[in-house]
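> Protein sequence lines correspond, in order, to chains A and B. When the letters of the first sequence are read in order and numbered with this note's numbering, they come out as residues 7 to 143. When the letters of the second sequence are read in order and numbered with this note's numbering, they come out as residues 7 to 143.
Please keep in mind that the hints were generated in silico from the structure rather than gathered at the bench. Some hints could be false.
Identical copies carry no separate label here, and so any pair may be met within one copy or between two of them.
Stated by the list, open to error - Dumping the calculated DSBU-like pairs for lysine-lysine here, alpha-carbon to alpha-carbon at most 30 Å: (1) 96 x 45; (2) 135 x 96; (3) 71 x 135; (4) 83 x 135; (5) 116 x 71; (6) 40 x 96; (7) 116 x 96; (8) 116 x 45.
Model, not experiment: these values are computed from the prediction.
Protein chains: 2
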Amino acid sequence: MNKRVRLCGKLQRRKSNSTNFDYKQVLVIRTDLKMSRGKIGVQAAHAAVSAAEEARHHHPSWWQKWFNEGQKKVAVKVTSRERLLEVKEKAVRLGLPCVVIRDRGLTEIKPGTITALGIGPAPDADVDKATSDLPLL
Amino acid sequence: MNKRVRLCGKLQRRKSNSTNFDYKQVLVIRTDLKMSRGKIGVQAAHAAVSAAEEARHHHPSWWQKWFNEGQKKVAVKVTSRERLLEVKEKAVRLGLPCVVIRDRGLTEIKPGTITALGIGPAPDADVDKATSDLPLL
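Just chain A, with the same shape it has in the complex (with noise of 0.2 Å):
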């Protein structure tokens, strides 16, 4: 969330120091598999990286002003395949920017579980019509 982010030894400070988001991301990870927390992690940047690159290309303006404001992430849960792609239909059908995460199986899952959602960057209030009812991770 909002934070400093030193770049190989230069610090650069975010535009934002507040703890007023006007943007954000989230992370909607399946815990039912039963995943390592490395494994976790790993989806969580999946999910992250692609559903920003899809706002960095279909919503630049959203992209822009969440990178600069400190890039706010809230990672949530579901328990189950089906959950998660109701999530993802909210989230078409509101129009946000978002990515589901299949992933090959190399490790500890089968080849194409679907293992998590990003939704954003994109306005916190349009976010929170697809994700508020969801507990955190």
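Please build the complex by placing chain B on the supplied structure of chain A, with the hints as guidance.
For chain B alone, coordinates are given in the frame of chain A:
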């Protein structure tokens, strides 16, 4: 890792279907902070997005090849701030794109705490020179 990504309903097939990767990104996470799996997921996502942006700006061909071959990501652990900074210095000396993540401490940890390090995407062998001795998260 090498995977298919469904972009809000439209299936995008990665160019590479092999399990061999020429490029990778390594996400180095501190485990001594006893962060929750959700916090770890968000810190890994911060490291992935910020380091990928570094690479996209300073090594665009690395970034593009990594993105196209399926964005290999590996999560590893360190047990102290000092060890994380040693790995960062090694990455800097190797000329690898990297970003240290400092969390504002809005949840779980103190403001300004260094939580994670993102290295790459960069050529696999070069990243290994900085991270091959680190255990998986």
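> Now tell me if each hint is right for this structure.
Now for the hints, and whether the structure bears them out:
Taking the closest pair of Cα atoms, residue 96 and residue 45 come within 30 Å of each other both inside a single copy (26 Å) and across two copies (25 Å). For the homomeric pair residue 135 and residue 96, the shortest alpha-carbon distance inside one copy (8 Å) is at most 30 Å, but the shortest distance between copies (44 Å) is not. Within a single copy, residue 71 and residue 135 get their C-alpha atoms as close as 20 Å, which meets the 30 Å cut-off; across copies the closest is 35 Å, which misses it. Taking the shortest alpha-carbon separations for residue 83 and residue 135, only the intra-copy value of 16 Å comes in at or below 30 Å, while the best inter-copy value is 35 Å.
For the homomeric pair residue 116 and residue 71, the shortest alpha-carbon distance between copies (25 Å) is at most 30 Å, but the shortest distance inside one copy (37 Å) is not. For a Cα distance limit of 30 Å, the shortest separation of residue 40 from residue 96 inside one copy, 25 Å, qualifies, whereas the shortest one across copies, 34 Å, does not. Taking the closest pair of Cα atoms, residue 116 and residue 96 come within 30 Å of each other only inside a single copy of the chain (26 Å); across copies the shortest separation is 35 Å, beyond that limit. Taking CA atoms no more than 30 Å apart as the test, residue 116 paired with residue 45 passes in both settings, with 13 Å inside one copy and 25 Å between copies.
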